[in-house]
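Chemist: Take a look at the letters that make up each chain.
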Amino acid sequence: RKEVEQDPGPFNVPEGATVAFNCTYSNSASQSFFWYRQDCRKEPKLLMSVYSSGNEDGRFTAQLNRASQYISLLIRDSKLSDSATYLCVVNINFNKFYFGSGTKLNVKP
Amino acid sequence: NAGVTQTPKFRILKIGQSMTLQCTQDMNHNYMYWYRQDPGMGLKLIYYSVGAGITDKGEVPNGYNVSRSTTEDFPLRLELAAPSQTSVYFCASSYGGSSYNEQFFGPGTRLTVL
Numbered sequence: 001r002k003e004v005e006q007d008p009g010p011f012n013v014p015e016g017a018t019v020a021f022n023c024t025y026s027n028s029a030s031q032s033f034f035w036y037r038q039d040c041r042k043e044p045k046l047l048m049s050v051y052s053s054g055n056e057d058g059r060f061t062a063q064l065n066r067a068s069q070y071i072s073l074l075i076r077d078s079k080l081s082d083s084a085t086y087l088c089v090v091n092i093n094f095n096k097f098y099f100g101s102g103t104k105l106n107v108k109p
Numbered sequence: 001n002a003g004v005t006q007t008p009k010f011r012i013l014k015i016g017q018s019m020t021l022q023c024t025q026d027m028n029h030n031y032m033y034w035y036r037q038d039p040g041m042g043l044k045l046i047y048y049s050v051g052a053g054i055t056d057k058g059e060v061p062n063g064y065n066v067s068r069s070t071t072e073d074f075p076l077r078l079e080l081a082a083p084s085q086t087s088v089y090f091c092a093s094s095y096g097g098s099s100y101n102e103q104f105f106g107p108g109t110r111l112t113v114l
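Read top to bottom, the protein sequences are chains D and L.
The first sequence maps to residues 1 to 109 in the working numbering.
The second sequence maps to residues 1 to 114 in the working numbering.
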């Protein structure tokens with residue numbers, strides 16, 4: 001079983017739409033959680049960390065449900081520039097990070 | 001600051017050849033990591049280091065070796081390259097000490113083994 005699973009998409013949405021991604025993780029001892037963004041043929045970059053109480057950064061909202069072991073990312077008012085692959089990342093045992101395969105988002109004009 | 005730099009950007013190897021992928025960071029980070037990313041897949045941890053002189057295996061260490069003689073450098077060595085090692089290799093660093101520390105990635109090395 002994979003440590004982190006994501007719907008690969010692609011999610012094709014029009015500009016201005018709201019889109020949500022989910023991610024599930026298998027290890028209940030996971031300590032910290034992140035969403036990274038990866039543009040085509042580029043390195044991943046941190047989008048936001050995900051805290052237990054949920055957190056928001058502008059148009060982006062992240063939620064964590066430890067009981068069900070899933071993480072979500074909500075993007076409101078999608079922009080063309082949001083087109084990318086979104087990677088769910090889980091930290092286990094402090095030094096080891098597990099990445100999901102990513103969810104591809106295409107925002108269309 | 002240059003951040004995390006990797007060389008080379010691209011490389012084609014023949015089966016059985018060896019090479020070293022270079023990674024350098026100028027942020028004085030304690031923690032450094034090597035990942036590989038196969039097409040359409042997430043990143044998988046190969047090796048990591050929590051400081052100079054200290055390294056440990058990640059999820060997929062077979063066929064690779066690392067060393068960490070300085071804080072700045074964390075080279076990855078491929079011995080006897082195989083087609084299964086065709087991948088994009090990313091080096092990353094973080095300040096460490098907290099499980100919520102951000103990882104900063106280099107631009108990657110695209111390796112093809114033929």
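Among these hints, one or two may not hold up.
[Unchecked claim] Capping the alpha-carbon separation at 25 angstroms, the derived lysine-lysine pairs in PhoX-like fashion look like this:
1. D:Lys2 x L:Lys57
2. D:Lys2 x D:Lys79
3. D:Lys45 x L:Lys57
4. D:Lys45 x L:Lys14
5. D:Lys79 x D:Lys42
[Unchecked claim] To give an idea of the interface, some chain D residues facing chain L are shown, with a C-beta separation under 8 angstroms as derived from the structure:
6. Ala29
7. Ser32
8. Glu43
9. Leu47
10. Met48
11. Ser49
12. Ser52
13. Arg59
14. Gln63
15. Phe97
16. Phe99
17. Gly100
18. Gly102
[As the list claims (entries may be wrong)] Beta-carbon label-pair distances, calculated as ranges:
19. L:Lys57 x D:Ser26: 31 to 39 angstroms
20. L:Arg77 x D:Arg76: 42 to 50 angstroms
21. D:Ser28 x L:Thr5: 44 to 52 angstroms
22. D:Asp39 x L:Asp73: 38 to 46 angstroms
23. D:Ser53 x L:Gln17: 49 to 57 angstroms
The hints are simulated quantities; they were obtained by calculation from the structure and are not laboratory data.
For clarity, every value in this text was computed on a predicted model and none was experimentally measured.
Where a beta carbon is used, it is the ideal one built from N, C-alpha and C, also for glycine.
Chemist: Taking the hints in turn, state whether each one holds.
Modeler: Here is how each hint holds up against the structure:
1. D:Lys2 x L:Lys57: Judged against 25 angstroms, a Cα distance of about 18 angstroms means the pair holds.
2. D:Lys2 x D:Lys79: The hint is violated at about 31 angstroms.
3. D:Lys45 x L:Lys57: Holds - the C-alpha atoms of lysine 57 (chain L) and lysine 45 (chain D) are around 23 angstroms apart, at most 25 angstroms.
4. D:Lys45 x L:Lys14: 32 angstroms, violated
5. D:Lys79 x D:Lys42: 19 angstroms, holds
6. Ala29: Violated. Min distance 11 angstroms.
7. Ser32: Hint holds; serine 32 (chain D) Cβ to chain L Cβ min 4 angstroms, cut 8 angstroms.
8. Glu43: Nearest chain L Cβ about 4 angstroms off; hint holds.
9. Leu47: Status violated, d = 10 angstroms.
10. Met48: 10 angstroms, violated
11. Ser49: Since the shortest Cβ distance to chain L is 5 angstroms, the answer is holds.
12. Ser52: It is violated, given that the least Cβ distance between serine 52 (chain D) and chain L is near 11 angstroms, above 8 angstroms.
13. Arg59: 20 angstroms, violated
14. Gln63: 16 angstroms, violated
15. Phe97: It holds, given that the least Cβ distance between phenylalanine 97 (chain D) and chain L is near 6 angstroms, below 8 angstroms.
16. Phe99: Hint holds; phenylalanine 99 (chain D) Cβ to chain L Cβ min 4 angstroms, cut 8 angstroms.
17. Gly100: At about 5 angstroms, which falls below the 8 angstroms cut-off, the nearest Cβ of chain L leaves the hint on glycine 100 (chain D) intact, so it holds.
18. Gly102: Hint holds; glycine 102 (chain D) Cβ to chain L Cβ min 6 angstroms, cut 8 angstroms.
19. L:Lys57 x D:Ser26: 31 to 39 angstroms: Since lysine 57 (chain L) and serine 26 (chain D) have Cβ atoms about 20 angstroms apart, the given range 31 to 39 angstroms is violated.
20. L:Arg77 x D:Arg76: 42 to 50 angstroms: Holds, since arginine 77 (chain L) and arginine 76 (chain D) (Cβ atoms, about 46 angstroms apart) stay within the stated range.
21. D:Ser28 x L:Thr5: 44 to 52 angstroms: 37 angstroms, violated
22. D:Asp39 x L:Asp73: 38 to 46 angstroms: 27 angstroms, violated
23. D:Ser53 x L:Gln17: 49 to 57 angstroms: 51 angstroms, holds
This entry does not satisfy hints 2, 4, 6, 9, 10, 12, 13, 14, 19, 21, 22, going by the numbered hints stated previously.
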